[in-house]
Each structure stands twice: as C-alpha cells, then as structure tokens.
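Q: Each chain is listed here by its residues.
There are 2 protein chains.
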Amino acid sequence: MSNSALNWQVVAQEGEARAGVLQTRRSLIETPVFMPVGTAGTVKGMRFESLESEELDARIILGNTYHLWLRPGAEVIRACGGLHRFTGWERALLTDSGGFQVWSLGALRKLREEGVEFRSHVDGSARFLSPEVSMEVQAALGSEIVMVFDECAPCEASHEVARASLELTARWAARSRRRFDELQRDESDAGRTPEHHPSVNGEQALFGIVQGASHGDLRRESLARTVEIGFDGYAIGGLSVGEEKPVMYDTIEMLAPLMPQDRPRYLMGVGTPEDLLEAVARGVDMFDCVLPTRNARTGQAFTSRGKLNIKNARWTTDTRPLDETCACSVCRRHTRAYLRYLYATGEMLAGILLTHHNLAFFLDTMRWVRQAIRSGDFTRFRREFLERYNSGVE
Amino acid sequence: MSNSALNWQVVAQEGEARAGVLQTRRSLIETPVFMPVGTAGTVKGMRFESLESEELDARIILGNTYHLWLRPGAEVIRACGGLHRFTGWERALLTDSGGFQVWSLGALRKLREEGVEFRSHVDGSARFLSPEVSMEVQAALGSEIVMVFDECAPCEASHEVARASLELTARWAARSRRRFDELQRDESDAGRTPEHHPSVNGEQALFGIVQGASHGDLRRESLARTVEIGFDGYAIGGLSVGEEKPVMYDTIEMLAPLMPQDRPRYLMGVGTPEDLLEAVARGVDMFDCVLPTRNARTGQAFTSRGKLNIKNARWTTDTRPLDETCACSVCRRHTRAYLRYLYATGEMLAGILLTHHNLAFFLDTMRWVRQAIRSGDFTRFRREFLERYNSGVE
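From first to last, the protein sequence lines are chains R and G. Numbered as in our numbering, the first sequence ends at 414 without a single skipped number. Numbered as in our numbering, the second sequence ends at 414 without a single skipped number.
The hints are simulated quantities; they were obtained by calculation from the structure and are not laboratory data. The reader is advised that the hints may include incorrect statements.
Since the list gives no way to pick one copy over another, a pair counts as held whenever it fits inside one copy or between any two copies.
Taking lysine-lysine pairs in the DSS-like style, the calculated list, with each CA pair at most 30 Å apart, reads [stated by the list, open to error]:
1) K130 with K331
2) K331 with K64
3) K327 with K64
4) K265 with K331
5) K327 with K130
With the sequences and hints as input, model every part of the structure.
A: Here it is as structure tokens:
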C-alpha cells in the first residue's frame, strides 16, 4: 500500500466473490461491507449508539462533502476538530467528493476545466467546487477514506460526451491526488487527533473513481488511467443512475477482473439487496446506498421476502413483526399494526424504527454474505436468498 | 387498598415531601415520580429501549385516551391485545380519561349531563365521550392506572360556574367508578394477558380527580366528594392551565394535607423543574408533563443551570455538552455545536437527542429528589437546585 492509513487483504474467495478485512485508522471493517449513508453528518433518525450496537455494528458510514461544505461549512467542522469530533461518531468515515451531487444539479451547474460553478441549494450563494477545494474540505472533515473529485457522465451519454467526461475525470483525479498528498504532508487532516484518540494515526486514504458511462472501451480506459495515478482503492462511479440492470451488471463484470486485486473495489450508490448480491458475485467489496434509510422514511421495509409497504391497510391489526425471520430489536418488539399506525399518524418513531430495521436487514445480509464466502457457500446462499426475497411478503 | 392492582407506601418523609414505593401490576415505581408523556402510544422520538435503559429507567408513561380512541381506535388496540401489546411497552401505563382533551376543544364541544359531544380533530366525525365510554376505552387500553372522566373548569371560572362543574365532575366520578367496577368484574381489561405476561395480574387501578378551579372551598368540597366515592389514588386536576404560580402552589398546599395519607397524590400536567420541586415540597407524589418532550422538539433544552435555546448562534462552534454536569448519553457524546447544527438543518436527530436529554434531566431530578427525601436532605437539595437552576446557562 502506498498509504499506511489503509490495509486490506482478501481472506476468502469463491468465484469472483471475495471476503476481506480492511483496516482503517479508526476501525476494522470486514468486506464486503455496506456503508449506511449519513449525508449531513447523521444517518437520519439513527442514534450512533444503535449503529454501534452489536445488533447493527456498522463499522463505517458515509458523509457527503457537498452537504457538509454548504452547511455547517468546513470551517465550523474544522473548528470543532473534524467530522468525527463534530458529530461524535468515532468509527470510520468515508466522504464522497461532491462530484456526484454537483452533477445532480444538472442545468444549475456550470462546468469548466478548473471546476464546477453552481448555486448553493441552501442560500443561493455562488459556489465553486474543484478537485483542490474538495480535497481541502475532506481534509477538514478528516474522514478515513477520501474520494477524488470526478465528473459523472449521464448513463445515456454518447461515446463522444462520455470520452470528454472521462478525460476531465482523469485530469481531476491527478489534481485530486496532488492536492491530497500536499495536505497529508502538511498534516492538514482534522481527523488526526492523537491527544483524544491515541489509536488514530496514519494518513487519510484516497480512492480513485472509474467513469465512462455505458461504453466498455471507455470504462477500461478510465480504469487504466486511474490505476496509473495510483490510489488506495478504486470505485466504480456513474452506475445506478437510471441505466438498465444488465448494463450495470455487465459493466461490473467487465471491469472487476481488470481492477487491482489487492485494492478494495467500491461500487458507489448501489443498491437493492439483489444488486448487492449480484455485485458481490462479480467482485465488489464496498457499497453505500440511501435505499434502507430513505425508503424507511416513506414507509418501505425490506424483509427476507421482499419489500413491505407499511402503509397498507391489511396490516391494521396484524400482530406479526415486519419480518418473522429478523432478530432485530424492532422485529423483536413491534408489530406491523403498530408501525402502520405510527406511520399513518406521522409519528417520528415510524421513521426511526423502519430505518433501524432496514439497516439491520442490509447489514445482516452483508454479514451472511461474508460468512457464506468464508465457508465457500456463497453461490448457494445467493440463490436461496434471492428465491426467498422474490417470493413476496405474506 | 380496595384494589389488588396497586399498593403504595411511604418509605421516607421530610416535612410534607414524601418518598414512596408504588407497586403496579407491571412495574415497581418509586415516588415522587415523573411520567413521560406518550400521548399517542409513543413518547415522541424515543425508542422504548432508551426509556427502559438504566440511564432513564422510566417505570411508567402516560397515554392519552382521547387520541388513542380516535386513532387507531379502541377496537384496533383491543384486537392487538391492549396498549402494551399494541405498542410493545411492557412497563406500567397511566391513561388519562379524555376529559382534559375534550375540555381543550373549547367551543367545539357540547357539554351535557350524559357526556360530551364533539367532532374528531382527525376526520371531523361526530363523537360522544362519557364516563362509561372513557372507562370502556381505558379497559381496552389495559393501562395499570385509569383516570375518572372529569370536567375541567377554566382557572378564572366564577364560583357559580366552578361549582356547577365540580358537581358534574362528582356525578361523573361516581358513574366512572360504577362502570369501571363492572368492567373489572367482567374481566374486560385488555391489559390482563397472563398467558404472555404471567407477572401481570390483578385489576386496573382507578384514580379520582379533584376540581374546583381557584376556589378553596370548592376544592375542599370536590376532594371530600371524591374521597367519599373512594379511589386507589387522587389527582389534582385543573391546575397549570393558565393561572398564576402562587395560585397553583397555594391550592396544592391547601389540598395536600387534606388528601388521604395512604394514597398517592397526582398533580396532572405539571410542570417545570421548579414546579416539581415546589409540589413535592407540598406533598405531591406523581407528575406528568409534555414540557421535556414537546420543548425538545422546538429546540429547548433543560439543564442544571436553566433552559438553553439550541437555536442560538453562540453555540455554532461550542464543543461543550448541553449540560456539563449531566451524565446522559447525549451529553457524554454530543456538543452544543452539533445539536445546534442538527436543529438548524431540520434533522430528525435533533429532536431525538434533545428529547432524550430533557427526559434524562427530569428523571434524574426526580431521582435526586427521592434520594434527598430518603436521606432527610430535601430542603437543602431544593434550595441548592433552584439556586443553580436560576443561575443561567453560560
């Protein structure tokens, strides 16, 4: 590894699926891993105590550079000692670069070689985000894993558009690497607080991002140019943005074998339980997705037999738990009838409990995936899981 | 006691302040006790695990008959096995009667000898609440402590109006007692589920309510007529509804010595930390109030040095906890800066964490009160607590 902050090794493999152990400067992470999304410095509705409990045991969560930079601002977070000390979360953090968020602004942004101009969704102020600014903000956040600042092409981008985008992403990756290395050399990383966390040492780690839309040749070229720069891990970006499932699976299947074997592979923003299993089968080690948390707040529960809409009147007096095979604290205590009632009356507890259950389901699923790979049973696990998952909630 | 469901005894006394132990059919409650308000079958934003944790250790919470009757309805809750099994809360519950809520509807209600006609705030449907209906709903809820259905006069009510109101309350109390006893005899109490909770046995307990607005003679008469009927405990209603503090304290001071010594005294809907101490000093054993929970959701924290408005910009980079003397999990982990930020950005976690802290403060205060009474130190504790509480947050 080029970087002492991150050490990753494969401990078991079955086909392309692999189980590994990722040592960050704050916590040890077993892969494949699902990272709950804590966009604005909070996994919405979840107390950190629950995320850390044996039941969920999330070892790493994701924070969004874009949101935190706009509010409360990098200087406030730096003044409070970095994102860990600002929020009270002491395990590992991965921060994205803001690239995807400014891309999502669409017509509201103006793209230049230097970076992206846009208006803040918070107060309308003019802002400018570039590889350098993103690295500086992520240094102030002090996350364990920093992402390069990339440009995400739409999935339907023509070859020409996608090529221009990947070229820009490659130049931005090199600039990200350069500024990141300077910041690490200057120890500008707010996450290094040895006086408070003697176990926290070493540098932040930096991951590169592969783009190229749905064009195989461009994806391969993007990968080669990213690997040439050299990173602690490699992410696949620009998927799960509206393309058909086979495009996503094919892209992963084509790319993963070409990606460095000794570095973790991170599929950004993915996905459904099916997506996680399909991507693991193709060699992906890390995931993040808003599905379990965001969908919880709109009344959707994930269960071993598929999705359950808590708003449905059929649960009015149903005293069964969300998922009869789930051992989470929500399923051990609360009924569908109660959860439906809480949701219907707009009670905060509905979102809190559904979020907890959904995260338990995603994190449990990844725990079973790791166990299955370690015991050489992943192929069977995947088949049985998907059969059950597609059988429908009763 | 007339009722095996409730056993209460004084274990220490200092002046009028008394510490006791209240044995309900579900949990043992040390008094003086503060009951968090769980209006609609949830203490807003709180998981039951937190309420039960050693840190908060709430032994009893309050549920509102009015709200639960309108939604999800008594029949849904009965079909799910009562409010404990519907919600998953297994410790004691006290349910109010709906009397105060329909009184709060003001002009929207129509008062008759038989009961109160009003329109549901949920769907506009015509509803009718009476002593008999309230007892039937509370039997379906299966709470440990049931409140009689009363009529609450406004604090500024003339002697004539207040007298008419207390006469009606007295007739309704007798009707409540009669219907309650029938329901208990018929075992219509949904809380009795010995197959699931072998420790749950005995009947529900019934508390009477003393009214009379701010007229001393009427308060005394109301108390005499309530005691004549005979209840497991006695509540003071119609206070903390807009009158001056001295009126409230004087009413308690006048009434408490006249109330049965061997029954718990419950001051309904009160109050601030100062109110709790002043009422304990005058002989009150039980309290409920929405202040710690409701005010948390509007950004107000209660601390040992008084109220703290989390919205204040002065906390932007303040890395101190809400209360430096508080040992709750929120104060151990989170800063004012983070809480302010969460509140400003509308994050659910703001309400969750402020509610937790505020309940910890109220429940801790009552724990200290009990310890002080047991060690004969209450007078000093009260003086020092109030001095500190009024000294202002720094």
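Q: Tell me, please, which holds for K130 and K331 at an alpha-carbon limit of 30 Å: within, between, both or neither?
A: So K130 and K331 fail the 30 Å test inside a copy (41 Å) and across (34 Å) alike.
Q: First find the shortest C-alpha distance between K327 and K64 inside one copy, then the shortest across copies, and answer within, between, both or neither for a cut-off of 30 Å.
A: Both, since 20 Å and 26 Å are each at most 30 Å.
Q: Cα distance capped at 30 Å. Does K327 pair with K130 within a copy, between copies, both, or neither?
A: Cα proximity of K327 and K130: none, with 39 Å in one copy and 46 Å across.
Q: Since the copies are identical, ignore which copy is meant and state whether K331 and K64 lie within 30 Å (CA to CA) inside a copy, between copies, both or neither.
A: Intra 20 Å, inter 19 Å, cutoff 30 Å: intra and inter.
Q: Have a look at K265 and K331 and pick one of within, between, both or neither, based on CA distance no larger than 30 Å.
A: within (28 Å within a copy, 45 Å between copies)
The structure shown violates the earlier hints numbered 1 and 5.
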